[in-house]
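4 protein chains.
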Amino acid sequence: MINVGVIGYGYWGPNIVRNFVEAGETCVLGVSDLSPSRLALLRMRYPHIQVTADAIGLIRDPRVDAIAICTPVNSHFELAMTALKAGKHVFVEKPIADNSDHAQRMIEEACRRKLILMVDHTFVYTGAVRKIRELVQSDTLGEIYYYDSVRVNLGLFQHDVDVMWDLAVHDLSIMQAVLEETPLAVSATGMTHVAGRPANVAFLTLFFASNLIAHLHVNWLSPVKLRRTLIGANRQMIVYDDLESSDKIKIYDKGITVTNTPHNLHEVLVSYRTGDMWSPKLETMEALLTEVRHFADCVQQNCTPLTDGVAGLKVVQILEAASRSALDRGRPIELAQAAMAV
Amino acid sequence: MINVGVIGYGYWGPNIVRNFVEAGETCVLGVSDLSPSRLALLRMRYPHIQVTADAIGLIRDPRVDAIAICTPVNSHFELAMTALKAGKHVFVEKPIADNSDHAQRMIEEACRRKLILMVDHTFVYTGAVRKIRELVQSDTLGEIYYYDSVRVNLGLFQHDVDVMWDLAVHDLSIMQAVLEETPLAVSATGMTHVAGRPANVAFLTLFFASNLIAHLHVNWLSPVKLRRTLIGANRQMIVYDDLESSDKIKIYDKGITVTNTPHNLHEVLVSYRTGDMWSPKLETMEALLTEVRHFADCVQQNCTPLTDGVAGLKVVQILEAASRSALDRGRPIELAQAAMAV
Amino acid sequence: MINVGVIGYGYWGPNIVRNFVEAGETCVLGVSDLSPSRLALLRMRYPHIQVTADAIGLIRDPRVDAIAICTPVNSHFELAMTALKAGKHVFVEKPIADNSDHAQRMIEEACRRKLILMVDHTFVYTGAVRKIRELVQSDTLGEIYYYDSVRVNLGLFQHDVDVMWDLAVHDLSIMQAVLEETPLAVSATGMTHVAGRPANVAFLTLFFASNLIAHLHVNWLSPVKLRRTLIGANRQMIVYDDLESSDKIKIYDKGITVTNTPHNLHEVLVSYRTGDMWSPKLETMEALLTEVRHFADCVQQNCTPLTDGVAGLKVVQILEAASRSALDRGRPIELAQAAMAV
Amino acid sequence: MINVGVIGYGYWGPNIVRNFVEAGETCVLGVSDLSPSRLALLRMRYPHIQVTADAIGLIRDPRVDAIAICTPVNSHFELAMTALKAGKHVFVEKPIADNSDHAQRMIEEACRRKLILMVDHTFVYTGAVRKIRELVQSDTLGEIYYYDSVRVNLGLFQHDVDVMWDLAVHDLSIMQAVLEETPLAVSATGMTHVAGRPANVAFLTLFFASNLIAHLHVNWLSPVKLRRTLIGANRQMIVYDDLESSDKIKIYDKGITVTNTPHNLHEVLVSYRTGDMWSPKLETMEALLTEVRHFADCVQQNCTPLTDGVAGLKVVQILEAASRSALDRGRPIELAQAAMAV
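Protein chains in written order, with our numbering: chain H, 137 to 478; chain R, 137 to 478; chain E, 137 to 478; chain C, 137 to 478.
Everything labelled a hint here was simulated from the structure, so no lab data went into it.
Treat each hint with caution, since some may be false.
If several chains are the same, the list does not tell them apart, and a pair holds so long as it fits within one copy or across any two.
[Claimed, not checked] Computed list of lysine-lysine pairs in DSSO-like fashion (alpha-carbon distance at most 30 Å, straight line):
1. 361 with 267
2. 267 with 417
3. 221 with 250
From just these sequences and the hints, can you work out the full model?
Structural data, given as structure tokens:
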């Protein structure tokens with residue numbers, strides 16, 4: 137049994153607590169939050185869990201084996217470093233840190249102390265994303281042409297991060313789990329509609345060594361919620377709509393066929409191919425439950441998590457480059473060197 | 137009664153012919169096409185319409201008052217100039233021409249000869265777009281924050297134009313009709329997945345003097361057809377889904393409210409506002425019928441069409457800038473001077 | 137080439153004319169309608185087709201080989217009998233006649249004169265229904281448990297027939313083409329909401345010798361249009377949504393598994409089975425074009441149409457029984473003897 | 137603070153427990169279930185709640201003020217009577233009892249002892265149903281023509297009750313809350329597809345004194361989940377789709393207009409009316425939380441619950457009549473006398 141201390145019981149914390157409670161292999165020993173009303177809510181739900189406003193005290197509690205951090209991103213580094221230095225394993229909400237230098241140092245600290253550092257890239261643990269990865273790895277789709285995602289809703293305007301750091305991080309983590317290539321450059325555009333606040337709408341294009349192209353579209357100010365990813369490829373193509381209650385993934389046997397023309401060897405003919413669609417059955421276990429159990433297994437067996445610190449760092453590096461590009465209306469920024477540094 | 141000659145009976149020509157036949161004020165005298173099988177199809181449908189492979193002969197037929205051009209875009213300039221010089225009014229499929237110089241010369245020729253030059257920006261004549269324009273002009277939405285459109289499907293790969301010149305032209309023409317601002321710069325990215333062919337997937341961001349931002353997303357290689365536009369604004373927001381058979385436009389009384397905090401005058405609070413949604417009844421007449429009747433009225437009363445040559449030119453200028461940007465992975469291109477030149 | 141005379145150019149007539157014009161093997165010689173404005177509309181579209189208000193004259197025109205009847209149902213019998221007696225093949229809009237006695241006499245007249253009598257059960261010729269029939273006949277679904285259809289919209293209130301005779305006829309013709317069993321009894325309920333008019337909402341349950349059950353739900357006064365059929369079976373199940381522009385048919389590998397319990401042989405365990413879904417590619421040719429070509433083939437090769445007079449009669453027999461049941465709030469009416477009479 | 141004992145921690149029990157825990161005014165003192173694994177699950181989630189296999193002991197615990205019953209329907213009567221006789225208020229899952237005699241006796245017992253007896257007709261407490269009731273009561277819809285509901289999914293085959301007693305009970309409780317009329321007769325049809333088990337698909341038509349008609353369509357063996365209600369009326373019409381995450385209720389300004397013809401006073405003209413659609417903002421609090429707070433308020437203030445024992449009884453009376461009708465393929469059964477008895 138792994139004893140967990142959870143820091144932060146705001147938006148995401150209740151899900152973290154609930155899943156650590158239900159995971160079976162873990163036990164929530166204490167929860168800290170600065171807000172008395174959040175702690176009162178927790179106490180009503182789980183009278184047996186200890187509450188505190190003192191995060192550092194919770195981290196240092198000798199009975200605690202692991203710390204889960206569900207606080208604003210600019211506090212991740214400080215809290216994670218304190219926990220690692222206290223010898224505690226760390227499970228940290230996405231994005232792993234507010235900049236790549238911080239992420240790098242967290243990785244080094246965890247490595248030095250042989251502790252588990254895992255970032256909560258929740259979508260990677262969904263049945264849908266696991267199925268997509270399986271389809272890509274088994275070469276069912278063929279050569280991938282594009283990855284195109286829309287993730288928009290009427291969302292909470294964050295104070296400290298823009299919409300890319302809040303929403304695009306999900307798509308970047310999914311792409312990382314699914315695609316076999318790493319992006320080399322990014323062009324991003326965006327806009328804020330509240331003076332002095334970070335961008336609330338943004339568009340990212342990612343370039344790769346091949347002719348794969350990825351595009352992410354994130355927005356906190358959409359009247360409707362959309363979560364839809366298209367993956368184009370030369371053999372089959374995927375539509376992944378996370379808002380569907382069933383048939384979240386549809387695989388279309390559609391595409392183009394390129395042939396040489398009989399008359400002119402330099403000219404090609406592009407014709408259509410349309411066939412059946414199928415939608416595979418997906419695992420329906422809550423992703424976060426799968427994920428906290430994976431964390432527990434990594435702690436117990438000293439394995440590297442699927443979404444380890446390096447996975448978190450790479451996402452942050454892309455976000456940093458996208459932020460620079462967006463300041464200059466989409467001027468492309470190279471990622472290659474940053475990626476190599478890891 | 138206006139006698140019309142139609143050049144081109146390929147993909148779009150049959151719709152043009154059918155609507156000129158049914159408009160009441162117009163009569164299709166002849167149709168030209170280079171393909172005997174296309175002419176045979178026309179003859180079966182309309183045994184009374186004269187067919188020919190000789191477009192120039194049709195243009196010069198003294199009984200013909202107006203020419204409708206439904207041929208590949210690189211032939212628009214030549215055919216339109218021939219028709220104008222022969223004293224015929226011109227109705228030309230979108231985009232108006234393959235470059236802005238050609239468009240400019242078509243405008244000048246029509247102006248000099250006092251002939252009508254109209255570009256077929258069909259969507260501008262739909263009940264949906266007319267309703268959106270009405271909502272914008274009556275200030276129902278308030279300040280517009282973004283225009284965001286997705287127009288993707290498994291589409292015909294054109295030989296001569298890329299997906300922006302084929303599909304984004306629709307969105308640019310709608311934006312032109314609906315928005316009161318003109319874009320100042322564009323950042324575009326895209327990719328081809330058939331060696332040697334123009335881009336089949338592209339993303340455009342348009343920048344304006346205000347903090348309005350527009351984004352267009354076009355793709356010929358999508359497994360599913362999507363036609364969805366979000367218009368964000370500070371009072372109400374629109375979702376326009378052209379594939380819905382009813383309720384194509386939904387207007388959401390949703391948004392954010394920005395207030396100063398009581399404690400800190402420099403800080404603002406962003407809170408949500410959610411209310412009802414409504415979907416106005418729309419005119420259901422076929423857009424192309426409305427459009428060809430508008431063309432007939434302009435010819436008879438010597439008026440300027442809603443989608444005249446200048447409207448066509450401005451769209452082509454943006455497409456040219458976007459094409460340049462896409463060659464350099466999204467480097468922003470200024471539009472201001474080009475726009476001023478008109 | 138078969139020369140066709142079309143009687144009635146109201147709601148459905150224009151589709152009939154257009155498809156006989158485009159079929160290739162048929163030629164529309166003349167069209168009759170009592171309304172001058174309908175004939176004027178036809179003349180604008182097809183100046184080469186002869187128009188008349190005299191249906192009998194058109195039927196008797198010696199150049200005419202076949203008559204298509206697109207008039208209100210209470211005139212079908214009179215017009216069809218006149219045409220058959222004049223030696224003309226007959227293509228008649230659904231339902232074949234206003235009562236089963238009339239239908240029976242039309243069948244006998246056609247049989248005696250060796251003429252083709254075909255009823256326009258359009259849906260039977262759609263790619264979707266043909267695919268469903270193929271799936272049933274190949275035993276892909278297994279034993280069929282239920283057929284459940286909803287067909288509602290804001291529809292034209294007919295003067296002479298109720299909503300069952302207008303809309304349920306579609307489902308009855310589809311069931312006839314798809315299912316291998318014939319219903320034995322019917323219970324129907326319904327209501328009119330305009331005093332003195334026939335029912336505008338109705339519900340039919342059909343019983344069979346096996347434990348198959350069918351249910352049809354039709355409504356002229358629905359705020360939304362729905363066209364959705366569920367077919368439950370023990371191996372796979374179908375959802376057929378005719379309003380979808382793609383993926384109209386979805387086949388679910390779902391169901392129940394019934395096993396004996398280990399402890400109690402008299403008790404059964406019912407457990408779930410959920411698997412993948414697939415959506416087969418469908419033929420996309422317009423159903424009515426397929427249908428008029430089938431009519432032309434039957435005329436030329438003297439074959440029995442898929443939707444012959446007997447098919448039309450059986451549908452009318454069910455409608456008659458349903459009408460009787462609805463008068464008595466769903467009291468079940470036996471169909472067996474009527475069906476045997478054919 | 138009201139101390140609650142919950143009997144049954146199977147399918148619905150966990151929702152009951154969670155909401156009594158979070159309601160604020162109530163406290164879950166103990167939970168009983170016969171399954172050790174269910175009790176272990178509860179213990180993991182709420183280590184502070186007492187668990188037991190002894191329901192009677194829990195009922196008799198002097199600290200317990202109220203009993204919530206979430207067990208199979210055939211045990212409701214016995215458990216509720218025991219609780220009432222022990223002086224405890226009762227909150228019982230739907231349907232209130234397995235027959236109307238049992239329901240009647242529960243009502244009498246609660247009445248005699250001045251205890252609250254409330255049935256968990258959850259949907260009555262949703263924002264959607266409350267809004268529909270408000271629209272009906274304010275006469276926004278006008279005269280109601282029909283109530284038509286589809287509630288189908290791949291559902292658990294119950295041992296002891298058929299699909300009407302499991303699913304139609306929801307619609308009957310919604311109708312009861314929304315409509316101002318009480319049904320007078322019912323015609324029901326249905327079928328079982330597992331030998332020896334109760335019907336898994338059923339269709340109910342309900343008749344009223346006016347020309348209102350209601351139809352319910354329930355199915356445990358549908359490949360897809362549907363929850364859609366249409367309410368037709370003469371002024372406005374409602375579509376209520378409970379599976380939509382937003383815009384669950386749409387109100388259409390559509391209908392028919394009936395006018396006398398100028399020429400013939402005995403004939404009426406029925407014409408269409410189509411207008412805008414709107415979708416009101418709904419309360420989003422979880423229905424069950426609203427409901428358990430309402431129960432707590434009724435206990436504390438000795439008020440009659442919105443869904444009291446009589447509401448539960450009336451639903452059971454309709455279910456009994458429908459069961460009789462279904463045995464005879466839809467033969468109509470009168471409800472009037474039963475309803476009067478209450």
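* Intra/inter-copy verdict for residue 267 and residue 417 if alpha-carbon distance must be at most 30 Å -> both (9 Å within a copy, 23 Å between copies)
* To do: At 30 Å max between alpha carbons, let me know whether residue 221 reaches residue 250 within a copy, between copies, both or neither.
  => within (11 Å within a copy, 63 Å between copies)
* To do: Can you give me the call for residue 361 and residue 267, within, between, both or neither, at a CA distance of at most 30 Å?
  => Both. Shortest intra-copy (23 Å) and inter-copy (23 Å) distances satisfy the 30 Å Cα cut-off.
Of the numbered hints listed earlier, not one is contradicted by the structure.
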